[in-house]
Amino acid sequence: MTETPSTDRVRVVVADDQQLVRTGFRMILAADGIEVVGEAADGHAAIEAVRRTRPDVVLMDIRMPELDGLEATRRILAGAAEPVDATPDGTGNPPRIIILTTFDLDEYVYDALAAGASGFLLKDVTPEHLVGAVRLVRSGDALLAPAITRRLVQKFASRPAEARPIPAPRAELAALTPRELEVFRLLARGLSNAELAEQLVLSEATVKTHVARILAKLQLRDRAQAVVAAYESGLITPGEPQD
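Taken in order, the sequence shown gives residues 18 to 260; the numbers are from the working numbering.
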């Protein structure tokens, strides 16, 4: 009989150059039944830990010696940390990455989100928020609070066009149905699947289907990239009211 991986079993790699941070996060996660399968003090070690342990989620410090968290994130999501064997679920998909930062408007956070990171956390996060964030991202959602998302993307959108790593998918927008466009607009506010479902009076399963189709049609890796792309395409503009 084929064994189905438990949806409750979460495996995490913690990458931070401060031993105290790694130890603290390990203790908090372990207390909630989340297994820390690897630790790393720099980007190179983080890539190797991901390759070796095949985690579900990586907590990645943005500022580390040797190789920073931004470049490590790019390499991991580009397949540089691909293991010899497929991941336990057989998909070979890269892990979800949560960026750790001291400041909520760290300039590198924008690039990390564009590279495919699923969100970010401040290092002084509460234990409850840390655990909730890891489980949320593990479920396939993005860690994007609406207020922070607006500030991040507005800052990102103000940068010169040549400095933006995601091209505006203007032509691809025509392929979206009216309902998908509606979901896309709300997604750009950072709403979770549950919040989208509540606002649109749909089931979460239906919302997940819409989000998956939007990502596929716009050729985006992650819903965090979809937020940036919504601004890049002009569908949402910086400073636009978000009810």
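For the record, the hints were derived by calculation from the structure and aren't laboratory data. The beta carbon of each residue, even a glycine, is placed where N, CA and C say it ideally should be. Certain hints may be false.
Think about it this way: if two alpha-carbon atoms lie no more than 20 Å apart in a straight line, the pair counts; the simulated EDC-like pairs of lysine to aspartate or glutamate are [said to hold, decoys possible]:
hint: 1; residue 1: K140; residue 2: D49
hint: 2; residue 1: K140; residue 2: E199
hint: 3; residue 1: K225; residue 2: E199
hint: 4; residue 1: K225; residue 2: E215
Listed next, with one range per pair, are the computed distances between beta-carbon atoms [what the hints assert, rightly or not]:
hint: 5; residue 1: E215; residue 2: H61; range: 38 to 46 Å
hint: 6; residue 1: L84; residue 2: T226; range: 34 to 42 Å
hint: 7; residue 1: N110; residue 2: L217; range: 22 to 30 Å
hint: 8; residue 1: T223; residue 2: L84; range: 17 to 25 Å
A quick look at each hint next to the structure:
Simply put, K140 and D49 have alpha-carbon atoms about 18 Å apart, close enough for the 20 Å limit, and the pair holds. Between K140 and E199, the direct Cα distance comes to roughly 34 Å. Violation of the 20 Å bound is thereby established for this hinted pair. Under the criterion of a C-alpha separation no larger than 20 Å, the hint pairing K225 with E199 is consistent with the structure, at around 14 Å. Taking the CA atoms of K225 and E215, the gap is near 13 Å; set against the 20 Å cutoff, the hint holds.
Remark: the range hint 38 to 46 Å for E215 to H61 is upheld by a beta-carbon distance near 43 Å. For the hinted restraint 34 to 42 Å between L84 and T226, the CB-CB distance of approximately 38 Å keeps it satisfied. One distance hint, 22 to 30 Å for the beta-carbon pair N110 and L217, holds here, with the actual separation near 27 Å. In this structure the hint that T223 and L84 lie 17 to 25 Å apart at CB is violated, the actual value being about 41 Å.
The structure is inconsistent with the numbered hints 2, 8, although it conforms to all the rest.
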